[in-house]
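Student: Residues per chain are reported as follows:
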Amino acid sequence: MMNAIETHDIRKVYQMGEVEVEALGGVSFNIRRGEVIAIMGPSGSGKSTLMNTLGCLDRPTSGEYILDGEPVASLSDDQLADIRNRKVGFVFQSFNLLSRQTAITNVELPLRYSGNSNGQRRARAIEALKAVGLEDRMTHRPTELSGGQQQRVAIAGAIVNSPAIIMADEPTGNLDSKVGKEIMSLLLTLNQERGTTLIIVTHDPIVAEQTQRTIRLRDGLLEKQS
Amino acid sequence: MTVAQSFLEALESISGNKLRSSLTVLGIVIGVAAVIAMLAVGRGAQESITGSINSIGTNLLVVFPGNKDQDIFRPLTVRDADALRDQLTAPSIEAVAPTLEIGGNVAFGGQQTSSQLFGVTPEYFQVRNVNLAEGEFISEEHVLGRASVVLLGPEVAQELFGHADGITGETVRIEGKPFRVIGVLESKGGGAFGSEDNQMIVPLTTAKARLMGPKSGQTGERVDAIYVQAAGGDVVSQAMEEIGQVLRARHRTADGADDFTIFTQQDLLAEAESITNVLTIFLGGIAGISLLVGGIGIMNIMLVSVTERTHEIGLRKALGARKGDILTQFLTESSLLSLIGGMIGILLGWLISFIVGQIAAANDAPFIPVVGFDAILLATIFSAAIGLFFGIYPANRAARLEPVEALRYE
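Residue numbers (my numbering), protein chains in the order written: chain A, 1 to 226; chain B, 1 to 410.
No lab work stands behind these hints: they were computed from the structure.
Keep in mind it's a predicted model, so treat the numbers as computed, not measured.
Mixed in with the good hints there might be a few duds.
Unchecked claim - Some residues of chain B that are not near chain A, with every Cβ distance over 12 Å (derived):
| no. | residue |
| --- | --- |
| 1 | T50 |
| 2 | G162 |
| 3 | A249 |
| 4 | T253 |
| 5 | D259 |
| 6 | Q265 |
| 7 | D267 |
| 8 | G284 |
| 9 | A385 |
To be verified - In silico lysine to any residue, SDA-like type, Cα no more than 25 Å apart, as pairs:
| no. | chain 1 | residue 1 | chain 2 | residue 2 |
| --- | --- | --- | --- | --- |
| 10 | B | K18 | A | S99 |
| 11 | B | K323 | A | N118 |
| 12 | B | K323 | A | L109 |
| 13 | B | K18 | A | P142 |
| 14 | B | K18 | B | L327 |
| 15 | B | K323 | A | D68 |
| 16 | B | K18 | A | L109 |
| 17 | B | K323 | B | N396 |
| 18 | A | K178 | A | R218 |
| 19 | B | K323 | A | S48 |
| 20 | B | K323 | A | Q101 |
| 21 | B | K323 | A | T105 |
| 22 | B | K18 | A | T139 |
| 23 | B | K323 | A | L75 |
| 24 | B | K323 | A | S99 |
| 25 | B | K323 | A | S177 |
| 26 | B | K323 | A | R100 |
| 27 | B | K323 | A | F92 |
| 28 | A | K130 | A | S177 |
| 29 | B | K18 | A | R100 |
| 30 | B | K323 | A | D58 |
| 31 | B | K188 | B | V356 |
| 32 | B | K18 | A | R141 |
| 33 | B | K323 | A | I83 |
| 34 | B | K323 | A | A73 |
| 35 | B | K323 | A | D82 |
| 36 | B | K18 | A | P205 |
| 37 | B | K323 | A | S114 |
| 38 | B | K323 | B | E312 |
| 39 | A | K181 | A | S48 |
| 40 | B | K323 | B | E12 |
The beta-carbon is built from N, C-alpha and C at its ideal position, and this holds for glycine as well.
Chain B with its partners taken away, still in its complex shape (with noise of 0.2 Å):
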């Protein structure tokens, strides 16, 4: 018998049953459609935390004090910061930012909330890539002059006054001292680090002046992170390896004994993508567990299947059928089944992806599951794999019946 012979036959059967052929493929179509939707959440999931990590600015390098490798901590400092603008010593950085961060109380009216609290200079907002809906950024003059004026996250803003529009030239106590709103910040809505909207930023000499206090903060220059940003795609990691030696310099370390950590926004992007893929797999794992249930259903019913024509098969052999005649035949059939399953349950799942992706639209949440090609081909080749598996034991056990006693079996 021919390939062509035996899909005709196994498509002849499939709707000679049509109610039962629905219900056993309703199994894969669940299996697989769970599979295509998880791993479209999955791979949302990815994008959204890659955006949000390309969001938080560009070609972006961030040092931190301190190093898992060592004991010995060492802060940073604003000097350490203008260490790492020397363009002769430095000549892949582009722009410095040191910044505090602190948590902070803040007040308008009867209403308060409490946020994070950034102390930043003027190239934070390059660095970072921050935007304003309205107003201003902080100024060269606004930290010279310590001056008390924040810039306001829009959920802040929506807290305190109602409206995150329009505020600009109020005044807001911060743990109690007044503040001049001078701008809001753009909306970026909820990234992966938690919220940036719900954040205020001052100038980093009026955090440490006047925010942090004498019992915080010893160190006078102290700062908590420098956000530097690299002159280029392509020089980040000599930018890195020059805020490796800018800082050994100044610390007085070994090479090899860094007392600080430098994260790129590479880093973080592999990192993000390890966590999403683990993520990923552990829901196509679950997803995965349904499709062998359907593929269990698929095994059930060809056994069924081949009791009840038994003497079919037996008839078939006497006509002069093989062995490999009737095991093709069968493990068409049952291929078939849930291969056709697989299709319907990768619009199925394709469907659902959608809805995911609008009710997380209607939600504000910045989150697309992606349905992507590879998914498709590995729901479409591992559904009818499940077919033919599935189907080698009944297939098998058609095949070795008997041609005498499968005929007298009615």
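Pulled out of the complex, with its shape left as it was, chain A reads as follows (with noise of 0.2 Å):
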């Protein structure tokens, strides 16, 4: 089994009051283990849409949807949040930490509702935190960081779990160029190293560049495959 993602045809559809609006209208596309990809596309692309769906956060309208050789599209909320807990390490633009606890806490986050026990939290975390270089800050709570290392927290967090692929929404786009610099280097490098799928989506053509391979869309629909 080669592929971590296989989607085909999948469509979204939002119902807005009367009116209907197609945000994917049908887009079939693989993604190799361990492959990095961009997907970008204007703001209204649907670009989103196909992230929660990828993500598990949301279920296509219809299509199908391959994650890791399980099929997902059809689950119910529960199967899905556990495939969220197993399978999917998330990034956001906005780190998403718990601002009252400590980084080891936000880290461990993942793990409590996969059912390991306190001495295996504690310890995946602190390797975790070892993996982003944060290993010195594993009590500070993340108004006592700065943004990137709030960033690599939540990556600590995303790949605590040793989940199938990272879903990373604009991770630099809350930082400054050098810091967002470091921050991909440090993506590449963990999937380098654990051979972790990542999907980046972006609207930053430099940190496009740097993936292996772009999807772009335009309204709901694959643009070109680069």
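Starting from the two chains in their separate frames, assemble the complex, guided by the hints.
Tutor: Pasting the structure below:
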């Protein structure tokens, strides 16, 4: 099984009152395991909808989606939650950390929902924080960390459950270019070391250049694959 | 997520917003404190009434003339009382005290007061557990000689003399007639049936001959009540049977058509208990309303909290939290809030009960609020249940949030 992601004719239709809006109009593509992919497109192109679908946050209206060998297009809410927990690591533009919790507790959070013992959680969170180079900031709260450090904590949280894919939504969007570069190289390093498939949603061409392949969306359809 | 984890997270969340949490909890605190205090007051009232019923005698039965189920009325007489003294027909009866109950004015010097006046025989003091602070009881000779002697309750003595001791030997005027004070009753304090300290006791024959006069009592041997002491706690119902048999034979009434009524102390206790239970439920119910209001307060704050933390809920869901996880998280939080409020409320209610007791004691009222273990248990369970109940709606709302929508919410 070579593909981390297989999609066949994915459509997503939103009901806006009386009007139906088609956000995705039949999208099919595959992403190989270990691949680094950029998803680009102007706003309104269906980028976010595609990311939500690939991240199992939302279900397509129709079509087939196979993530890491499991068909997930028609799973229940709780089953999707389980898939997200085990197979998807999220990195968001605005870091999305719990501000009252320490770095290590934030990293542990996904493990809390997968039934690990306290000891296991702690060990794996420490390991993940080491992987992003934050072993000396483990008990700091997000407000005591720089933007780059916060994003590193988020990345540690994304890899802590050894997911099949990492969905990064504009991971460098809130960072200055120097720190942005560091975060990009961290993500690429983790991809090489661990072989985790990396999908980056971005409209920054510099970020897209560092990926192996770019999927471009326009008006809910694939524009071209390069 | 395990229970311990959600408990810790709930604790963190509650302590993370201390002012809000304490204001939320305040509603429950007041509610639970009110319930605890009211139940304690109710229980205290019950024990006070029970105590005063017990103080009117030991193994006591009271026979009154008339019966609410019958139209015929035939007074009880001294002869009825004499018949009850027969050890052959009524072996379970220890002592019998026929009693007249009338009111009377009493004066000493310029002071005047009115109080209950009992005409009794010497057995009365044994049957009714009457003790003297000074002086002597009314004796057989007093009764036979229709002596103009009187025992004063301490309150009456206080009214007339300004003090309740050292007045034996004084002469007071009852209905204008001179009576020699032969003693003062021991103070029992105010009871459930009015103060037993505000009374006078004279010999039965004296009351009849000198105080009632021909105008009030044509039936010469009539008495108002016969107090009976059973030979022991275990023969009270037998004594009741025997009284019934003797009186039915004397009055020539059929079985089931009694023209008299017998109360036992147990009847009175049961009656009083049912009354105080109603009182307790009433007070507790009113207090329960404030608990309800407190619960609505929790629901309100939980709803605000869910809205505020929509983004956090979205994040948790993105990371793999199931509906049940989110539901548990918020339910734990609301129950914990409510439970903490309940604990503080129990302490506060206890304190209030204690203060009420102190105030009562300072006013010489024989009333001690009792905080029962059952009330504490009830309040604890009830407060947690309220948190749970009023947490369901907000928690459900949180659990049903769509992760995409929730993540977008700022």
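Student: Could you tell me which of the hints above the structure violates, numbers in ascending order?
Tutor: 18, 25, 36
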